[in-house]
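Sequences listed follow chains A and B, in order.
Final position of the first sequence in my numbering is 1046; the numbers increase by one with none missing.
Final position of the second sequence in my numbering is 179; the numbers increase by one with none missing.
Simulated from the structure, these hints should not be mistaken for laboratory data.
Treat the hints with care, as some may be off.
[Stated by the list, open to error] Non-contacting residues of chain B with respect to chain A, defined by C-beta distances greater than 10 angstroms in every case (computed):
1) Phe121
2) Gly143
3) Tyr152
4) Gly155
5) Met158
[Claimed, not checked] Derived coverage of chain B by chain A (criterion: at least 3 residues anywhere in the stretch with Cβ under 8 angstroms from a Cβ of chain A; other residues may be distant):
6) 63-72
7) 97-110
8) 129-140
9) 166-178
All C-beta atoms in this analysis are idealised placements derived from N, C-alpha and C, irrespective of residue type, glycine included.
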Amino acid sequence: MRIETPLARVRGLGSAKEGTEHWWMQRLTAILLVPLGLWFVSGIWWLVMQGASHDAVVDWMRGPVTATLFILFAATTFYHLKLGMQVVIEDYVHNKKMKWTMLIGLSLGCFIAGASCVYSVLAIALRG
Amino acid sequence: MAQAPGSDSASSRPHAYRQQRPLVLEVSETKSMKPSKAKAGGQAARPMSPHLQVYRPQLTSVLSIFHRLTGVFLASGAAMLCWWLLAAAAGPDYYADAMWFLTSWVGYALLFAWTFSLFYHLCNGVRHLFWDVGMGLSMRATYASGALMVGAAMGLTGLSWAIGLAVYFS
Chain A
919 MRIETPLARV
929 RGLGSAKEGT
939 EHWWMQRLTA
949 ILLVPLGLWF
959 VSGIWWLVMQ
969 GASHDAVVDW
979 MRGPVTATLF
989 ILFAATTFYH
999 LKLGMQVVIE
1009 DYVHNKKMKW
1019 TMLIGLSLGC
1029 FIAGASCVYS
1039 VLAIALRG
Chain B
10 MAQAPGSDSA
20 SSRPHAYRQQ
30 RPLVLEVSET
40 KSMKPSKAKA
50 GGQAARPMSP
60 HLQVYRPQLT
70 SVLSIFHRLT
80 GVFLASGAAM
90 LCWWLLAAAA
100 GPDYYADAMW
110 FLTSWVGYAL
120 LFAWTFSLFY
130 HLCNGVRHLF
140 WDVGMGLSMR
150 ATYASGALMV
160 GAAMGLTGLS
170 WAIGLAVYFS
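So here's chain B without its partners, still in its complex pose (with noise of 0.2 angstroms):
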């Protein structure tokens, strides 16, 4: 069935959140399309999907990729955590090595970005166990359980840092 182009109104269509953030893979003229760069065999060398250059950033995969990197980042926080458990069962004067790292300026700003990267690690993980059960995989339940899952991972790393800055200075 042929539709009149501009027919469709965006409330008949069922993803019409695609017209306004529309998925296309921008590919330019890059080097890697150049007859020079071509792979043996006579195959042009082309980019292949998807391929995070010449891919426009959506809220999707961006969320996707920090979920990757907290969770790399994570893996640093449980050696710190394993550190910090050896030294508290070797003595008290191991334990005030590991906390004099840990309260130095490197260690406050390392335990704030753990703290920010295991609530979004947190939140996005329960995201993608929504998704295992079926729900929520729709264009705009994505889009919309994203942003509350950033606003969530925020608020609560705010949280934990006011409550814990208040009690220290109290």
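Same shape as in the complex, but just chain A (with noise of 0.2 angstroms):
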């Protein structure tokens, strides 16, 4: 017999112990991704035309509109890179100090990269 409600099913999610969450934001970040990919190949695009100099570099990213979407471009492009290379890591790594070590690896790395790009875009863009 079953004492849990519905309820308190659905809210125990089930053997996995997890929702939708991970597939969701997926979804998400890849649909932010379409637009914002095309994007960024573009201005790669622009720079090469400028000749890829440093100067071309900081009179692309000066501009408010390409540095805040330059900073949703890396934080995103970080965050669905992290949720793609955990399945891999889940899906191939079946020694369990090894999959948890590089797991814990993979978040702190796309943590500090993230960062460090948003960092690196605000210097540009704020530094006159």
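Put the complex together from the two separate chains, hints included.
Take a look at the structure:
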């Protein structure tokens, strides 16, 4: 006999102990990355046309729209990257210690890389 | 209802495509099937599905594997982007170091591979989003969108580099 109410069963989320959060955030970041990815490629195009010099990069990122979109692009990219690589690690790394070391390293690495990108864009944009 | 064998024409079958590309698990007599390799408990160590070594590749499965491969490879591209941005923020000298790497032969090869991987992962990602809302899930549509996606990824990569190189040499 099942003593749980249907609501408790739903909240318990079954044996996986997690719901659709991972899947949903992967889709949300994917949708966001379609326009942002195309914008990024077009930006790199423009940069190459300017000779990809340091001055050109500073000029490009000084614009408020570019800086905002770039921060959004970097943050979304590393979030999406984390979700995707997490599944790859979970699929192929079966040694428990190795798996958790890699998962923790992945999360921390994505935080650090994302923060460095945000800092870099702000530093270039706000330096004057 | 028993149907006489061979009486169904290709047009009357909803999944006529399967006749041309049968989804067959080709399990041959592999080493793992021999009794000497049997696991404890008397169970033979049979290959589990989907087992890449004995699974005949189809366009769908190959494209799916490439989606993951390009995703993993793009992670290295994100790391490069991070280095490049930090270098740009640190100043022209550091930026020159990053650009020295990017404009080396290794750098150009990586940039080309990253370009293709990005367009591939982006186009196939859009394909996945359509599947998520229940569109294009039939066998025929899956093969068609797969071919279209590969064409689009190659076209966009070619276009990007053609324009880039044209500007560079002009």
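Evaluated hints:
Chain A leaves phenylalanine 121 (chain B) outside its interface by the beta-carbon criterion, the shortest separation being 13 angstroms against a cut-off of 10 angstroms. The Cβ of glycine 143 (chain B) lies farther than 10 angstroms from every Cβ of chain A, with a closest approach of about 14 angstroms, so its non-interface assignment holds. For tyrosine 152 (chain B), the shortest C-beta to C-beta distance to chain A comes to about 22 angstroms, beyond the 10 angstroms cut-off, and the non-interface label holds. Taking the minimum C-beta to C-beta distance to chain A, about 18 angstroms, the non-interface status of glycine 155 (chain B) holds against the 10 angstroms cut.
With a closest Cβ-Cβ approach of about 13 angstroms to chain A, methionine 158 (chain B) is found to remain outside the 10 angstroms limit, as its non-interface label requires. Given as covered by chain A, the stretch 63-72 of chain B fails the check, having 0 residues with a CB less than 8 angstroms from a CB of that chain where 3 are the minimum. Check on the stretch 97-110 of chain B: 7 of its residues sit with their Cβ under 8 angstroms from a Cβ of chain A, so the three-residue criterion for coverage holds. With 5 residues having a Cβ less than 8 angstroms from any Cβ of chain A, the stretch 129-140 of chain B passes the three-residue criterion, so the hint holds.
Taking a C-beta to C-beta cut-off of 8 angstroms, the stretch 166-178 of chain B contributes 5 residues in contact with chain A, enough for the three needed, and the coverage statement holds.
Hint violations for this structure: number 6 only, all remaining hints satisfied.
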